[in-house]
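So the protein sequences, as listed, match chains A and B.
Numbering-wise, the first sequence is residues 1 to 170 according to the numbering used here.
Numbering-wise, the second sequence is residues 1 to 99 according to the numbering used here.
I should point out that these hints are in silico values taken from the structure, not numbers from a laboratory.
Just so you know, nobody snuck in bad clues.
Stretch by stretch, here's where chain A covers chain B in the computed footprint (C-beta under 8 Å, at least three residues): (1) 17–25; (2) 44–58.
The calculated lysine to aspartate or glutamate pairs, modelled on DMTMM-like cross-linking and capped at a C-alpha distance of 20 Å, are: (3) B:K66 to A:D116; (4) B:K66 to A:D114; (5) B:K66 to B:E44.
Each residue gets a CB set at the ideal place from its N, CA and C atoms; glycine is no exception.
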Amino acid sequence: MSGIINFTRMKGCIIVRLEVPGVIQYRDIMLRTLSATCKLIAPGARARSSRASLFAAHLVSAVGEAYNNIALHGYAGREPGMIRMEIEQGSDWIRVVLADTGASFDPAGARLPDLDALPESGLGVFIMRSFVDEVAYVPGPPNVLTLFKRLDEPREASPNSRRKGPAQRV
Amino acid sequence: MLFSTSAANDVTVLRIEGELDALSVTDIRASLNTIAEGKPARVEVDLSALRLIDSSGVGAIVSLFKAVRAYGGSLTTTGVRGQPLAIFRLLRLDRVLIA
Numbered sequence: 001m002s003g004i005i006n007f008t009r010m011k012g013c014i015i016v017r018l019e020v021p022g023v024i025q026y027r028d029i030m031l032r033t034l035s036a037t038c039k040l041i042a043p044g045a046r047a048r049s050s051r052a053s054l055f056a057a058h059l060v061s062a063v064g065e066a067y068n069n070i071a072l073h074g075y076a077g078r079e080p081g082m083i084r085m086e087i088e089q090g091s092d093w094i095r096v097v098l099a100d101t102g103a104s105f106d107p108a109g110a111r112l113p114d115l116d117a118l119p120e121s122g123l124g125v126f127i128m129r130s131f132v133d134e135v136a137y138v139p140g141p142p143n144v145l146t147l148f149k150r151l152d153e154p155r156e157a158s159p160n161s162r163r164k165g166p167a168q169r170v
Numbered sequence: 001m002l003f004s005t006s007a008a009n010d011v012t013v014l015r016i017e018g019e020l021d022a023l024s025v026t027d028i029r030a031s032l033n034t035i036a037e038g039k040p041a042r043v044e045v046d047l048s049a050l051r052l053i054d055s056s057g058v059g060a061i062v063s064l065f066k067a068v069r070a071y072g073g074s075l076t077t078t079g080v081r082g083q084p085l086a087i088f089r090l091l092r093l094d095r096v097l098i099a
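Assemble the whole structure, with the sequences as input and the hints as a guide.
Following this line, the structure appears as structure tokens:
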């Protein structure tokens, strides 16, 4: 097994590619890479540090939950494959694509949790969907999950928010 | 993830540092059960040094909250900020867990 980080620049966008074994122990490498990439977004936004920090917090949370689903459920009961992450960073947006060869799970099929009941589980997909602007999933193999988030005007994270962005199907 | 507990005057303080997530939560579950079994009147969870929490970590804290509430105790969290605060607000835990 090996991990590879690849950095390229294309059409004004920064693209970071990373591939790690699909086990939970490697999640931190993915999230720290993503967190560092978030710091590159919109230099002007750095002056609005609270918004930029919230952007990073939301995106790291969403990708972390997606990673958990792959490592803990997608590869459960089988020899884990790799998880490939591609981060595309634009002027004020980031697209994250996660690819894996585990069991497919479309996040659109997950039920909304009853937050008033203080659930102790089943929150991962809700967190993921709430903290990004767009989610796209193509079952595989490989399964490809695309998360898109734009740094925009402050608003409360909501599972009903569906601003369209350039999410793509790979 | 590092954690420590201290108890005085029927108040137990649990301090969690670093990251409480799917990888680290197994390290703390036994200690959370021990806290609940002691039935302190009040439990304070100091999260001022918690950098990241995921749904697994939330589940552990909520589980402790329910266990404490079940015997009539109270649990509050303090120092929640950054990514953990964003998670708490999304899940509306700030209304029940933050003093």
